[in-house]
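Peer 1: Spelled out, the chains give:
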Amino acid sequence: MEPILNVKNLTMNFGGLKALDTVNIAVEKGQIAALIGPNGAGKTTFFNCITGIYEVSEGRMEITPPGKSTQELKGLKTNVVTERGLARTFQNIRLFEGMTVLENVMIGRHCRLKSGIFSAMLRPSSQKDEEKKAVNDSYKILEKIGLEQYVNEMAVNLPYGAQRRLEIARALATDPFLLLLDEPAAGMNPQETKELDDLIIWLRDNENLSILLIEHDMKLVMSLSDNIHVVDYGKKIAEGTPEEVKSNPDVIKAYLGDESEDA
Amino acid sequence: MVTKKEIKLSFFIGLWFMVLTFPIMVIKVNTITNTVIFRWPNLLWVGIVCFFASLIWNYLLRMKEEKKKADTKDDIPIVHRLLQNEKFKIPFLAALAIFFLLYPFVFSMYHTSILISALIYVMLGLGLNIVVGLAGLLDLGYVAFYAVGAYTYALLNLHFGISFWVVLPISAVFGAIAGTLLGYPVLRLRGDYLAIVTLGFGEIIRIVLENWDDFSNGPRGIGNIPAPSFFGHQFGQHDSVIYIYFIVIGLVLMTIFFVNRLENSRIGRAWIALRDDEIACQAMGIDKFKTKLTAFTLGATWAALGGVVFAAKTSFINPMSFTIWESITILCVVVIGGMGSAIGVIAGALVLILLPEYLRAVAEYRMLVFGALQVIVMVFKPEGLIRSVRKIYKFKKVKE
Chain A
66 MEPILNVKNL
76 TMNFGGLKAL
86 DTVNIAVEKG
96 QIAALIGPNG
106 AGKTTFFNCI
116 TGIYEVSEGR
126 MEITPPGKST
136 QELKGLKTNV
146 VTERGLARTF
156 QNIRLFEGMT
166 VLENVMIGRH
176 CRLKSGIFSA
186 MLRPSSQKDE
196 EKKAVNDSYK
206 ILEKIGLEQY
216 VNEMAVNLPY
226 GAQRRLEIAR
236 ALATDPFLLL
246 LDEPAAGMNP
256 QETKELDDLI
266 IWLRDNENLS
276 ILLIEHDMKL
286 VMSLSDNIHV
296 VDYGKKIAEG
306 TPEEVKSNPD
316 VIKAYLGDES
326 EDA
Chain B
-14 MVTKKEIKLS
-4 FFIGLWFMVL
6 TFPIMVIKVN
16 TITNTVIFRW
26 PNLLWVGIVC
36 FFASLIWNYL
46 LRMKEEKKKA
56 DTKDDIPIVH
66 RLLQNEKFKI
76 PFLAALAIFF
86 LLYPFVFSMY
96 HTSILISALI
106 YVMLGLGLNI
116 VVGLAGLLDL
126 GYVAFYAVGA
136 YTYALLNLHF
146 GISFWVVLPI
156 SAVFGAIAGT
166 LLGYPVLRLR
176 GDYLAIVTLG
186 FGEIIRIVLE
196 NWDDFSNGPR
206 GIGNIPAPSF
216 FGHQFGQHDS
226 VIYIYFIVIG
236 LVLMTIFFVN
246 RLENSRIGRA
256 WIALRDDEIA
266 CQAMGIDKFK
276 TKLTAFTLGA
286 TWAALGGVVF
296 AAKTSFINPM
306 SFTIWESITI
316 LCVVVIGGMG
326 SAIGVIAGAL
336 VLILLPEYLR
346 AVAEYRMLVF
356 GALQVIVMVF
366 KPEGLIRSVR
376 KIYKFKKVKE
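The listed protein sequences derive, respectively, from chains A and B.
Converting from the first sequence to the working numbering requires adding 65 to each position, the first position being numbered 1.
Position 10 of the second sequence, counted from 1, bears residue number -5 in the working numbering, the numbering being contiguous throughout.
I should point out that these hints are in silico values taken from the structure, not numbers from a laboratory.
Among the hints, a few may not be true.
[Claimed, not checked] With the Cβ distance kept under 7 angstroms, some of the chain A side facing chain B (calculated, not the full set):
id: 1; residue: Asn144
id: 2; residue: Ile172
id: 3; residue: Ser180
id: 4; residue: Met186
id: 5; residue: Ser190
id: 6; residue: Asn217
id: 7; residue: Asp240
[What the hints assert, rightly or not] If you want a taste of the chain B side facing chain A, the calculated C-beta under 8 angstroms gives, among others:
id: 8; residue: Arg246
id: 9; residue: Ser250
id: 10; residue: Gly253
id: 11; residue: Gln267
id: 12; residue: Asp272
id: 13; residue: Ile377
If you're wondering where the values come from, they're calculated on a predicted model, not measured in any experiment.
Note that the Cβ used here is the ideal one computed from N, Cα and C, for glycine as well.
Make a model of the complete structure from these sequences and hints.
Peer 2: Okay, structure coming up:
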């Protein structure tokens, strides 16, 4: 079966700097894949490339949504990528601060709704029904993520862990088949990380999602991932199950340095 | 109550102002008799006034900080609380309706006329609020679309004799077209760059109107623009003002009605998301460009409607009515009223337009007092007179 995300020879140049150099990453359906690497290795750049925030220099990025044919992502605008079923969260939380928690999730529903200016002004029954459904769907998502007690709070007033979860809720609202999580556990305490661990597994098992995550918390990565990709200086240096990656000499070198260099 | 530190600070501020204002407040040169008079008492007054002003200022600033610390839960503005309370809502709105209904019959034509201008600014403010307050696009050339509306009426009437009521929808369409035409190339820019480009565009429109003599009559403007008719009946001057007053009230109500609906719709939420975080907004599947363009176009539509009413009210327009100062005034209405808050913008327009008129009592200090008030509002209420409050959705607790 085709992998649902298949990135081939992805290269990203910033002027003379090669942030990503012929990277190949494939994510299978129903998998939790992790992308790890030292700081500045190009992990977030990878996310920005596939979601269309950066215009990639070379390579192919193919997606095969469940039950659909293979499509190329290269050259698509960010919002179109989201419409095709890739949703992401951000390393530094990027919520809409002037809106309530529910409205943040409703923004996620945006690309699945239709009503335009005139129907907003005149409110025909089709618009009312759509709006009502959007509110209810969004509320259901909040219930799933466990944020329903905050429903009418301003997003900015939420505790830190809840803000991270809200980002995931917002991404879920776009009906994705692949969820891209950029350091979801950053800054969380052990208790919150544990809950996140459960949430991610729950999402895979119950929401029919595949997940690709960037994370520095190795305990979380090792316990969650089916498959780990390691990048360093824009190059992919290893791939495999947590056990394989843990014992890979190149990975140890990238994280801990080379003994011969210190001598 | 007042700390020692504040007293000390205020003392030095008083002293500093005594030095600063010494040349203008104390020395008086009589050029005819060639004598210099030193008005020492003035120096004392400056010192005392500045000392107490500084004391109050610092005290209020401290109170504001303490209040912020005390309640982390943000308090809802009183107007919103009134409107949310069903018991007060109806009498409150009824009282407001009666006031505005009787206004032109109780007060003189002068007062009605001022209120009409203020209400036109309510329309313009609500229109610009879509662009600046909701979508976060800083537009400094908003007056251009106001001019488009006004000249649409003036010219169509001059050449083809088309009446007010027919022009109203036409001008809305023209405004929308102008908004789209300008928006299309410039909305790729953001922030300050967008502000500069729109500023330039506003000036271009004015300069074209000023110099394209055959088209717009140049700086001489267009006169004898007829007031709106009532099913073919033309009112006398006095009744005509009252009639326009009610037309504006109607248009303002329509604006509030639509803007309110837009704010809590799919499009309105997209605007706010775009304002809060452009990248996250796109990542959530919102087409940035399309969303910006709708905001810009809608804003322009309301400006054009306002322009038609303005032309009908003044019966004479020339390019001098559409300078950059108009854009800035409308922007002030939005910022001081409260960005993104419709009620705030309405309050802002009424305060900002009516206040200078009624401040004529303080004659030459009018603009000084006006400016000081603006500064005070921005220091103590940076979110505007009445800040925006998002809609609350109620859910039945199903699961327990």
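Peer 1: Decide, hint by hint, whether the structure agrees.
Peer 2: Evaluation of the provided hints:
The beta carbon of Asn144 of chain A is positioned within 7 angstroms of a beta carbon in chain B (closest approach about 5 angstroms), and the interface hint is therefore held. For Ile172 of chain A, the shortest C-beta to C-beta distance to chain B is roughly 5 angstroms, which falls under 7 angstroms, so the interface hint holds. Because the closest C-beta pair between Ser180 of chain A and chain B is about 5 angstroms apart, less than 7 angstroms, the hint holds. Using the Cβ-Cβ criterion of 7 angstroms, the hint placing Met186 of chain A at the interface with chain B is satisfied: the shortest such distance is roughly 5 angstroms.
Among the interface hints, the one on Ser190 of chain A is violated; its C-beta lies about 14 angstroms from the nearest C-beta in chain B, farther than the 7 angstroms criterion. The restraint placing Asn217 of chain A at the interface with chain B holds, with a minimum CB-CB distance near 5 angstroms, inside the 7 angstroms limit. At about 10 angstroms, the closest approach between the beta carbon of Asp240 of chain A and any beta carbon in chain B exceeds 7 angstroms, and the interface hint on this residue is violated. Given the 8 angstroms rule on beta carbons, the hint for Arg246 of chain B holds: about 6 angstroms separates it from the nearest Cβ of chain A.
Because the smallest distance between the Cβ of Ser250 of chain B and any Cβ of chain A comes to about 3 angstroms, under 8 angstroms, the interface hint for this residue holds. For Gly253 of chain B, the suggested interface contact is upheld, since its CB lies about 7 angstroms from the closest CB of chain A, less than 8 angstroms. Contact between Gln267 of chain B and chain A, as hinted, is supported at the beta carbon level, the nearest pair being about 4 angstroms apart and thus within 8 angstroms. At its closest, the beta carbon of Asp272 of chain B sits 5 angstroms from a beta carbon of chain A; the interface hint therefore holds under the 8 angstroms criterion.
Below 8 angstroms, beta-carbon pairs count as interface contacts, and Ile377 of chain B has one with chain A at about 5 angstroms; its hint therefore holds.
Checked against the numbered hints given earlier, the structure breaks hints 5 and 7 and satisfies all the rest.
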